[in-house]
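Participant: Sequence:
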Amino acid sequence: MTHVDVNEIGEIIRKVRKEKGLRLEDLADENISPATISNLERGVPHVKHDKLTYLMEKLNIKINQIPDLIMKEHQKLQHLQFNLFAIESLRDNGYPEEALCKIDELDIDDSNPYIAHIHLLKGKCYNSLGKWKKAERAFFNAIRHMNNNHSDKQSNIEAASFTGLSLCSFFQNNLDQALVYTESGLEAFVEDGERSQYKYVLFQNKAMFLEKQGRPIEALKVVQDSWNFLPKIEQIEVILGFYWLRAELLRHTGLYQDAIHYAKEGLEKARFNHEYCRQFDLWTVLGSTYMALKEWDQAESCFELALKLKDRFPNGEILTSAYARLGILYMYQKKWNEAKDAILKAIQKGEEFNDAPRLAYAFIVMGHYYQKRKEFNEAITYYQRSLDLARNHNYRQKERLALHLLAECLEEIDEQEFQSCVRNMYIAQKNIYHEEGIALEKME
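Residue numbering for the sequence shown follows the UniProt record's numbering, starting at 1 and increasing by one per position.
Note that these hints are calculated values from the structure, not bench results. Hints may be right or wrong, so weigh each one.
DEER-style ranges, computed between Cβ atoms [stated by the list, open to error]:
1. Gly-316 x Leu-59: 39 to 45 Å
2. Lys-232 x Cys-101: 32 to 38 Å
3. Phe-229 x Asn-273: 27 to 33 Å
4. Asn-64 x Arg-144: 44 to 50 Å
5. Leu-77 x Val-180: 55 to 61 Å
6. Arg-423 x Lys-232: 50 to 56 Å
7. Tyr-256 x Tyr-276: 42 to 48 Å
Below, computed lysine to any residue pairings styled on SDA-like, alpha-carbon distance capped at 20 Å [unchecked claim]:
8. Lys-15 x Glu-30
9. Lys-294 x Leu-344
10. Lys-18 x Lys-51
11. Lys-308 x Ala-356
12. Lys-58 x Arg-17
13. Lys-221 x Tyr-276
14. Lys-131 x Ile-70
15. Lys-340 x Gln-397
16. Lys-18 x Thr-36
17. Lys-345 x Glu-300
18. Lys-76 x Lys-134
19. Lys-310 x Asp-258
20. Lys-335 x Arg-373
21. Lys-18 x Leu-90
22. Lys-372 x Arg-385
23. Lys-133 x Ala-356
24. Lys-308 x Leu-293
25. Lys-58 x Lys-76
Cβ atoms here follow ideal geometry from the backbone N, Cα and C, with glycine treated the same way.
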């Protein structure tokens, strides 16, 4: 009897035992222990053949029944596999609640070979509904079943679950933990296995989280190292995400012409594929780049084109950056009323979607607006709000920027508070040095 036969017969034994309502202990006697029965059900190969025969006799399973029982079990698993495929499609098309109901109707126990897949699907549904704690529990259950049951690592369910966990942390504004889960996902990923697209999603998420943390050089390296993967990526949204990241990060590092090149190239692809959300992102980064080059008319056209798309996609949190950057453009143009209106819209969107990184940025921009208007007390209020957010979520770069801008305002109105703020700037910079391990030999 082959190892495959032993595995399949083990599944049949478990199924028959449960149908009869028997526990392992109910079948155990002086000839066979609960541990041996468990090993047989799990298909452990070193168990003696006579124990298997003895257990089958106790359950009244005839040898000649085995092929039919195995075939029926295969048919049930194929039917379940199709159901899971349909449920995943339901969730991906925007019906996560209905997908969860379908999962509950399956009534699958922990011994089923698809149990990890089922928990993964549950986690993805809860993520779509913004139920982060339930999603986390489901993803951890998927990982646990993958590890406890020695399931096929080729499925890449573990990597997919870590991807889901990273998004849970990201949407709860915990970028440090999001990066940890992303690294775990990359470590768990099995090359040439199933769900091959998760590799590219994980690399994109890693770059995005680094960018959100104010680490553009590291993020750009991830994007550049991933660029050769683009022909292998099946999802146009992921391809366009890499174009947006490359353009945004090149803008951050001052390589404006390169940023324009990748933004325009990405926009062509997004336009052909009717990807409105990515068009919005790419028009926004293009406008920001033209603004950095002081090409005001082109910048304004880009932002206007971006905001015309705002009703064509569901994730309204990305509007925060566009309104904030439009506000900056209006400040350069001395259009103060328009600037204030745009920045207020940015703050409103950031608060509506609890998007801490973008909201911290919008507060900075509003502070800058009041600072330009010489209304230093108002500016201080918004810089302080940005500082509080940055400290709450460990955004070190944003904390340092907020402190610097606070100091500029306090220098104008309160020397004692200014000195206190300068000291806080020193502490914040010292923390960054300690966290990043910057030593003298690296400063050359």
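Participant: Check the structure against each numbered hint from earlier and tell me which ones fail, lowest number first.
Facilitator: 1, 3, 4, 5, 7, 8, 9, 11, 13, 14, 15, 18, 19, 21, 24 and 25
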